[in-house]
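Engineer: Spelled out from the first residue to the last, the chains are:
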Amino acid sequence: MKAGLFIPCYVDQFYPQVAIATLQLLEKLGVEVVYPPNQTCCGQPMANSGFEHLTKGCDELFVKNFANLDYIVCPSGSCTLHIKEHLHDEHDEAAATGIRKRVYELTEFLVDVLKVEKLDASFPHKVSMHQSCHGQRGLKISQMSELVAAPFSKPGKLLQMVKGVELVQLSRPDECCGFGGTFCVFEEAVSAKMGKDRVADHIDHGTEFITAADMSCLMHMEGILKRQKSKVEVKHIAEILNSQL
Amino acid sequence: MEHNNKDHATLAAAFNVDEARVDWHDETLWFVRQKRDKAVHIVPEWEALRETASQIKNNVLSNLHDYLLQFEKNAQQNGITVHWAADDKEHNQIVHSILQQNNINRIVKSKSMLTEECHLNNYLKSVGVDVVDTDLGERIVQLADEAPSHIVLPCIHWKKEEIGELFHQYLGTPKGNADPQFLTGAAREHLREKFLTRRAAITGVNFAVAETGEFVVCTNEGNADMGAHLADVHIACMGIEKIIPLQKHLGVFLRLLTRSATGQPITTYSSHFLQPRKGQTLHIVIVDNGRSRQLGREDFRNSLKCIRCAACFNTCPVYRRSGGHSYHTAIAGPIGSILAPNLDMKDYADLPFASTLCGSCSNVCPVKIDIHQQLYKWRQVLVKDGYAPTAKKIAMQGMASTLASPGIYRFAGKMGRWVIKHFPFMVNNKLNAWYKHRDMPAPPKESFGEWYKKNREKKG
Ligand code: SF4
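First to last, the protein sequences are chains A and B.
Take the first sequence: its position 205, counting from 1, is numbered 205 in this note's numbering, and each next residue is one higher.
Take the second sequence: its position 263, counting from 1, is numbered 1263 in this note's numbering, and each next residue is one higher.
Honestly, I wouldn't trust all of these hints.
[Unchecked claim] Dumping the calculated DSSO-like pairs for lysine-lysine here, alpha-carbon to alpha-carbon at most 27 Å: (1) B:Lys1125 - A:Lys28; (2) B:Lys1454 - A:Lys226; (3) A:Lys140 - A:Lys226.
[Unchecked claim] Stretches of chain B that chain A covers, calculated by requiring three or more beta carbons in the stretch to come under 8 Å of a beta carbon on chain A: (4) 1029–1040; (5) 1308–1322; (6) 1359–1373.
[To be verified] If you anchor each label on the Cβ, the simulated ranges turn out as follows: (7) B:Ile1042 - A:Gln160: 23 to 33 Å; (8) A:Pro151 - B:Thr1197: 29 to 39 Å; (9) B:Gln1264 - A:Pro151: 24 to 34 Å; (10) B:Lys1453 - A:His91: 36 to 46 Å; (11) B:Asn1455 - A:Met161: 35 to 45 Å; (12) B:Gln1264 - A:Arg100: 40 to 50 Å.
These are computed hints drawn from the structure, not numbers from a lab.
If you're wondering where the values come from, they're calculated on a predicted model, not measured in any experiment.
Note that the Cβ used here is the ideal one computed from N, Cα and C, for glycine as well.
Given these sequences and hints, build the entire structure.
Structural biologist: Here you go:
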C-alpha cells in the first residue's frame, strides 16, 4: 500500500517533528510512504478568508503532487477537510475527485483503513484531548456533544492503545479553541479569550499534555501556554502514538 | 438597532475589556446550552425530529407561494384581516394605519423579532404612538433604551443587580433590592396596568398553519395572551417564512422549539389564534423584507427555515464571548450573521467573518440549517463583490502566488520562516495581533521538507 504524505505548510515550517512522527508511525505500521517534495499548502487559509477563487494554483499543484497515490494521509483534520470539500482542478477534475475520496486525516486512516488494534507505544503521562472542530464536526472522527448519538472517538481509541496514557476529561469536551485561521488576528480579542478559556479547562483538570489531531489548534494553545509560562505542553497525537519510553 | 459603523471585531474587543463580565456572560449562556443538552438527550428520536422538521421546512420553502395564499384564504374565512408588506417601511405603515383607524396611540407588544428587524418601536415613537414591550426581558432593555442582545433572552447581558437599579429608577422599587422574584413582581404590577388600559396589542407569530389559517404564539410569560385577550385590536406580525403546511406539524416544531431554546419540554404558553373573539378585530401583517430575495439565493435560502430558537447563539463560542450587541443587527449570533448580509451586504460584510467555522451551530439547529457552511459561502460572495479590505486582498494575492509555486515557497521558507511574516493568521500584524496574548511558535532549525531531503532522499 502506497500512501502520500501531505504535510500542511505550517507543520512543515514550524513543527517538523510532527511530520517526522507521522512518517515514522506510518512506516512502523507497514505503509510505504511517499512524500511529494513539491507540496506547499491546501489553500484553506485563502479560502476561509473568502478568497477561494485564488486557490486555483494551489489546487492544481496539489493534484499534480498527489494524483497517483492509493491514499493521501495528513496529520491535520482541518487541511484534510478542506481538500475533501473544496479541491477542484478544471484541467483534470477526475483526478481531483479521486483525491477528495482518498484523502484521510491520520487517525481516521489508522482506524478505518489500517484497522489498527494495537500500537507499540508508551507515553506515561496525563493527557487531555482537544477536539479540533474540523476533524470532529467536519470529518466526524469523534462524536459531537450536540448530537443525540452513540459516542465514539477515533483518536481516543488510538490513545488508549498507548501504554501509560491517562486520559483526562474536560468540562467542555468539544469547545473551539478560537484559532480559526485569519480569525485569530482579525478577531483578536475573542480569539485570544477563547484560547485562554480552552487552555484553562485542560489545566484545571490536571493535564500534563494537551493533544489534538490538528497542530493549528495546538499552536494557538501553545502560544497561550507559553505566554502564561505554564508547564503544560502541547503534543500532536502523532507524536504520542509514535513515542517510546 | 442603530448602526454605529463599528464592526463586530471592534465591538467584541470593547466587550472583552471587562474579562470577568465576559466569563459571566459565557457561563450564563453555556448553562442554557447544557440545559438544552439535558432536554434533548432524553429524546431518543431527537435527530429524526430534526430531520423531519428540516424536510417540512424545505417543502414550505419550495411551495411558499401556494401555502401563503392558502393561509391567507383560510385566515380570511376565519374573520382575520390579512395585510401584505413588501418591506419594513410598509410593515410599519400598515401597523400605524390600523392604529389610526381605531384612534389608538398607546399599545402593548409582546416579543416579535420581526418588529425589531423592522424597527417598529422607533417608527411608532416618531409618529406619536407609545409602545410598551410586555416580555419582561424586552421591557428591561426598553427601559434602558437598548436593543435586545439575544432573540430568546433579550436582556441576558444584564445582571440582576443592574436590573434592580434600573427598576429603582423607572419603577420606583427600593434601592438595592435585586431579588429576581421581587423584581418580577414589580414588573408584573407595572405591566398589569398597561394590559388593562391599552386597546391594541401586537404579537409575533411562531407558526402560521396554512391548512387552518390559525397561528401559534409561544411565550413563557403568557404576556402575548394577556395583551391579545384584553385588547380590542390584535395585530400579529409575521415573516413569510413562518408558514407550516399542516396543523399536525406543530407536534414536531413545538417539541423542538423550546428544548432547543431553553431546555424546557415545551413553552409554558403555546397559544392558538384562529379567529377574533366577539367585538375584537384581528389583523395579520405578512412581511417579506428581503426574504424572497434570500429565497432566490440558492446557497442561502435554507436560512429561512429558522424558527428563532437561539440554540445557535447559546452554543456559539464567539457569541458567548462577544455579546449580542457586537453583531449590530436585530438578530445576532450565527443565524444573524447569515441573514444580515442579505439585508445589506456593505453594512454586514463583517458578520460572516465573526466565526471560527467550528460548526457547533449547525449541530444544535433544530431545523438543520447548515449555518457554518453558509458563513463560508457568504465570505466568498462578499470578497467577490468587493467588500474585502484592500490590505487583506493584497496579502491574500501574495500568499496565493507563493503557495502555488514550490520553488518560491521553499525559498521564502528559508528566508526566516516566511510563514511567520506572511501566514494568513499573522497577516495584518500592524499591531501584531497574535502576539498580544500569545507567544509565537519558535522557528525550528529546519523545515520538514529540508529534513526529508537530508535524511531520506539520499538513502532512496
Ligand atoms: S438557525 Fe437554527 S439554531 Fe439558530 S435560531 Fe434558527 S432555528 Fe435556532
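Engineer: Each of the hints needs a verdict: does it hold here or not?
Structural biologist: We went through each hint and held it up to the structure:
For the hint linking Lys1125 of chain B to Lys28 of chain A, the alpha-carbon distance of about 74 Å lies beyond 27 Å, and the restraint is violated. For the hint pairing Lys1454 of chain B with Lys226 of chain A, the CA-to-CA distance comes to about 31 Å; that exceeds 27 Å, so the pair is violated. Only pairs whose Cα atoms come within 27 Å are accepted, and Lys140 of chain A paired with Lys226 of chain A is rejected, the gap being roughly 30 Å. With a cut-off of 8 Å between beta carbons, the stretch 1029–1040 of chain B has 3 residues touching chain A; three or more are needed, and the interface restraint holds.
As drawn, the stretch 1308–1322 of chain B meets chain A at 5 residues by the rule of a beta-carbon pair under 8 Å; at three or more, the given contact holds. Taking a C-beta to C-beta cut-off of 8 Å, the stretch 1359–1373 of chain B contributes 5 residues in contact with chain A, enough for the three needed, and the coverage statement holds. A hinted range of 23 to 33 Å holds for the C-beta pair Ile1042 of chain B and Gln160 of chain A, which are about 29 Å apart. Checked against the hint of 29 to 39 Å, the C-beta distance between Pro151 of chain A and Thr1197 of chain B comes to roughly 56 Å, which is inconsistent with it.
A hinted range of 24 to 34 Å for the beta carbons of Gln1264 of chain B and Pro151 of chain A is consistent with their spacing of about 25 Å. Between Lys1453 of chain B and His91 of chain A the CB atoms are about 29 Å apart, so this pair departs from the stated range of 36 to 46 Å. For the pair Asn1455 of chain B and Met161 of chain A, the supplied restraint of 35 to 45 Å is violated, since their beta-carbon distance comes to about 27 Å. The beta-carbon spacing between Gln1264 of chain B and Arg100 of chain A, approximately 43 Å, falls within the hinted interval of 40 to 50 Å.
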